[in-house]
Amino acid sequence: MECIAELWRFRELSYFFAWRDIKVRYRQAAFGAAWAVIQPLLNMIIFSLLFGRVARINSGDIPYPLFVFSGLLPWTYISGVLGFASLSLVSNEPLLTKVYFPRALLPMGSVLAGLLDFLISSVLLIGLMLYYHVRTGWALLFIPVVMLAMVLLTTGVSMITSALCVKYRDVRYALPFFIQVWMFATPIVYPVTVIPARLRPLLVLNPCWGIVDSLRASLFQEMPIDFRLMGASLAVSLTVFLIGAFYFRKAEKNFADVI
Amino acid sequence: MSGSITVENLSKSYRIGGARATTLRESLMDAITFARFRDQTPEETIWALRDVSFAIEPGEIVGIIGRNGAGKSTLLKLLSKITYPTSGEVKVGGRVAAMLEVGTGFHPELTGLENIYLNGSILGMSKREVDRKLDAIIEFSGVEKFIDTPIKRYSSGMRLRLGFAVAAHLDSDILVVDEVLAVGDAAFQKKCLATMGDLRSHARTVLFVSHNLAAVENLCRRCIWIDGGQVRMDGATHDVIKAYMDFMVGGALADVDLENPENRRGNGKIQFRSVSFLSPDGVAQRVIRAGDPVVIRLHYEAREPVSHPSLGFRMYTDMGTLVTETSTWHHGINIPLLELGEGYLDLEIDCLNLMPAKYALSLWATDDSGAVVYDSVECGVTLEVEMANIYQSGKEFDSRCGIVFFPQRWNLSGTQPFGRNLQRDASECEPLPR
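Chain order of the listed sequences is D and H.
Under my numbering, the letters of the first sequence match residues 1 to 259, in that order.
Under my numbering, the letters of the second sequence match residues 1 to 434, in that order.
So that you can see chain H by itself, here it is in the shape it has in the complex (with noise of 0.2 angstroms):
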């Protein structure tokens, strides 16, 4: 049926190291050896996709969610045939149109105009459909000016622009797209969404494969979530990545032991061992009230002396939406040499006003470039901040009231500021009274 995808039992490993010639001596030897025949260092199968089943019907706009190496960019490429399955079956009804990349093909030395017309013949365009769709395109993508310039003139986001400008108007039954929102600037990945939104109502089949969670919420109304080559869960958008957040989350609250965190990545020079949060007086708290001071401490240990690290970590709600980054680097600081052995890092935090959720810190270190990662840990502690009378108005807020306030207060005509109002929980939050 036109626009629905079936998939049975879909697996695809690949095989890394062992004894796989790679050149045509290696090749050519092998034969005449008959190495073939004999029993060699056994080559590692890794699978990529084990065991995937799932059916979408026409017209549904499903989610694909999950970790860096979980697969998911594997489904990708099966379903729109750049590669296949080592066993199992897809069955797709249709035209795919796979936006993997945006852009593929682009020739530098072509104009704009020129690149349109290759770029859809890549994505399976005809001449006649371009021609077409070429004002609309044009329009789509901003860059009319530019049109007859050679396109290793534009910048890198006038090429994006061209790029989704031309797959956007593609018409297929079946869309896939990944990661084509994570490049771009806001107003341009705005657009973007406001094109996919679209296509609900264009009754086309879509697969959205994006780390941005919100994004994946706005549009899909089902996600599916692929851990470890595996499906590990389908259904209903909210729910899935509800149960993902709680996954990397971890479960467990204010215990942040880090010694063997899934999610990390880096040399290793540096480690984080866990992270506490602290009253300003120093009593380790579980939980934080929003608005209270708070000392974040991050605990590492320096495997080798490192010279000028930086430190940090980025704050992200529990669907997945930035909250902040922050780091030694951001703040412009200089560490000279960290030295070998364990130490700790304090954040200090006048005022955490934050609505109460759970939060979730991915932590890291890396040299003073950014180039050289010494630890990287995907959002291995939480933080959790529980209601208080943020507003001294005796009301209680959470999460669906957003993510942060501010201090504040309200004043109507220029008269007297109403009532007490953040007056004092403000002055309570300076730093250094005035």
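So here's chain D without its partners, still in its complex pose (with noise of 0.2 angstroms):
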């Protein structure tokens, strides 16, 4: 309880920290702010020709640029903030040997500051979305729901490898095999009946696959809302949240001392 009362005392700092990490991040860069933009449409381009012209992958009713971008949506949030929050503790070393604040705030600025790109791409999702004409209607409103999943997945991962990574800078090298391995494991840039029917209840347990197939289909209206598997997914997020606070508040006393 008293640590919650302090992470309030001290809301405005994951703010601050958000905000430097954005100030900071395209700073000395040609294009700047651009390439939040840039990094999701290269990407999108680069699947649809491989996975849409060369490979034929089908996505049925929607068309397959708009059916990978809306997948790499959450996903690059994901992975994007998982790439930053897993070292700002230890980018943060003389913060943490020489200032007391609650650490959390740390992994939680990059949370923070990952949904301004979120923000941005989802701009360019609206404008890919007029262009093919795609139908929307009373679904969007399960948005929120899909991004509070997201959000908490993230914070919680976040969390366990920032605080893992002060103590095994391992983490640094293992986690851009993880998160490669994570989204080819992860029905984005191919549709889930790529998948073979029986293994399919195993990925319930990827709380992403639920994110990414929420999204979809409060986007678009040809595609169903599955309600069982946004509740799983939002469960094991939360599920994954609440480990990673009670890990993080466990290994948070010897920052200082390992670090």
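Treat the hints as calculated values from the structure; they're not laboratory data.
Treat each hint with caution, since some may be false.
Said to hold, decoys possible - Just some of the chain H residues that point at chain D, by a computed CB distance under 8 angstroms:
#: 1; residue: 82
#: 2; residue: 83
#: 3; residue: 84
#: 4; residue: 101
#: 5; residue: 105
#: 6; residue: 109
#: 7; residue: 110
#: 8; residue: 113
#: 9; residue: 117
#: 10; residue: 122
#: 11; residue: 124
#: 12; residue: 126
#: 13; residue: 295
Said to hold, decoys possible - Chain D residues, not near chain H, derived (Cβ > 10 angstroms throughout):
#: 14; residue: 50
#: 15; residue: 80
#: 16; residue: 137
#: 17; residue: 143
#: 18; residue: 178
#: 19; residue: 187
Using N, Cα and C, we set each Cβ at its ideal position, and we do this for glycine too.
Quick one: dock chain against chain with the hints and give me the complex.
This is how it looks when you write it as structure tokens:
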């Protein structure tokens, strides 16, 4: 309880960390903040060419570029934040050894900063949807629920990886592979029908799949919302978040000594 | 109670060496092979603090002194919740602001203004609080003109001033300050001290750690001396500093055996063996009279031939103020090679114009860049200067009149110099009569 009060007292600091990360991220880059748009756009083009044209993956009623972009949108957020947040404690070592503040604010700052890129990409998605004349409906109302699951999941995993990284720098090297495997284990660039039917129930354990699928279903009228999947992914995300918070709280006592 | 600090049986240990896993692989291997259950090489536990207890009342300003590694910094880190105790308890009433370093979290790419907000926020200020104090902070920092410049273009001094300006405007019940005055120029140090002195009127509790004993004595009425992780003495500042300096100087007077000093650093290629104080005719003296000539002889042993070393010392008063530092390097003397074996180096002083008191010498031997330390002995040697008729006036003086005196004459309205004054004394001090 006390730690939640502390987090609340210092809540502005997570905003300042996010603000610093955003301000600094694209400094001395000629294209500046445009990278937030260029990156997902390039990804979409590459995947559209590779999987849509060359491998001719069938994405159903939804045009493949839109299909892949709507999947990459939450995934780019999750993987991007994980990359930054996992190193957030290690790269702020002087702060950990010289000042007191609730340590969790560092990974949380990355979680917050990622939302800006997410919003920029969302605008791009709206543009794409207008271009392809996609029909949407009342299901759009579920987007906040999907985002909640996405943020909870990312925060939970970030708290684990960032705390682990303080003690074991191995995380820095293992994480990119982990992210890559996770991406291909999630039907983001291919439809779920590619996965054999008997393995599909296992996918429920991957909260990322629920997030991607629910986001698509909320956006495109052609896709029905799978409420059981959405609920499951929210539940798993919440569990991961709680485990992360619990582990972080246990580990943070030693941060200043082991870093 | 707001502003009070209670520390009970506080201990903090660190594990060094031993079988501590440092990579994930080792950790996993340990888990697989049940290393935990096997009796492996015992790891060494060092106690940075052991069983420390004290209580500080709201509004008290307390100095904390002690040698390097005595546990001062660990204590501050525990008080400011940066690290957690191994056992014991810290009870702190109210908000703690810790200045263990100035400008922590400054980002070089951000402007001065942006960094004020960031740093303020890290120290626990709300944005509104910074908004309110912004003008005062900028004015205090003295970098108004560059406030919109990224601080990577700032000099280190400017960065320091900006950092201190933010920290100085922090409203907290307890302020913990560590060595921030050790850096920065004299004018800045003075400003910091003035600010800190100002804290007294704000009835804030302050803990002040410093090697600058004069500053501690200036600011604090109470002082805690920490040694070997324990409270060695807790009481009135003057008494504690006196005892601390007596301890550091070793109590012994002219006996300056340096076989096993406690405060020795360096790789040992050169080691100081002893120091003697000689009259010009080579007779060893226990005590030197103020104004007399003296030869300070540093006996050393070179464990291997060393090329281009510099040897010298710093001299401190018994209150820890640096009187002077001198060395072969300061004099531009090049020693091509110090042969293997023992030898000595003489510093001839024609007139030891120090006021009567005890002084401590810290000896050092380094390479010519100062990067490699062969030997360094903190306050291992005492020089005692006794009263003398320094102005030929029949009056005697001691350290209440300061640290040094100069060869001097008084002169009223351009008439003849008064009496004998120091005319004769001064000529006695001239090394080479003109």
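Evaluation of the provided hints:
no.	hint	in the structure
1	82	holds (5 angstroms)
2	83	holds (4 angstroms)
3	84	holds (5 angstroms)
4	101	holds (5 angstroms)
5	105	holds (5 angstroms)
6	109	holds (5 angstroms)
7	110	holds (6 angstroms)
8	113	violated (12 angstroms)
9	117	holds (7 angstroms)
10	122	holds (6 angstroms)
11	124	holds (7 angstroms)
12	126	holds (6 angstroms)
13	295	violated (47 angstroms)
14	50	holds (34 angstroms)
15	80	holds (20 angstroms)
16	137	holds (40 angstroms)
17	143	holds (30 angstroms)
18	178	holds (13 angstroms)
19	187	holds (30 angstroms)
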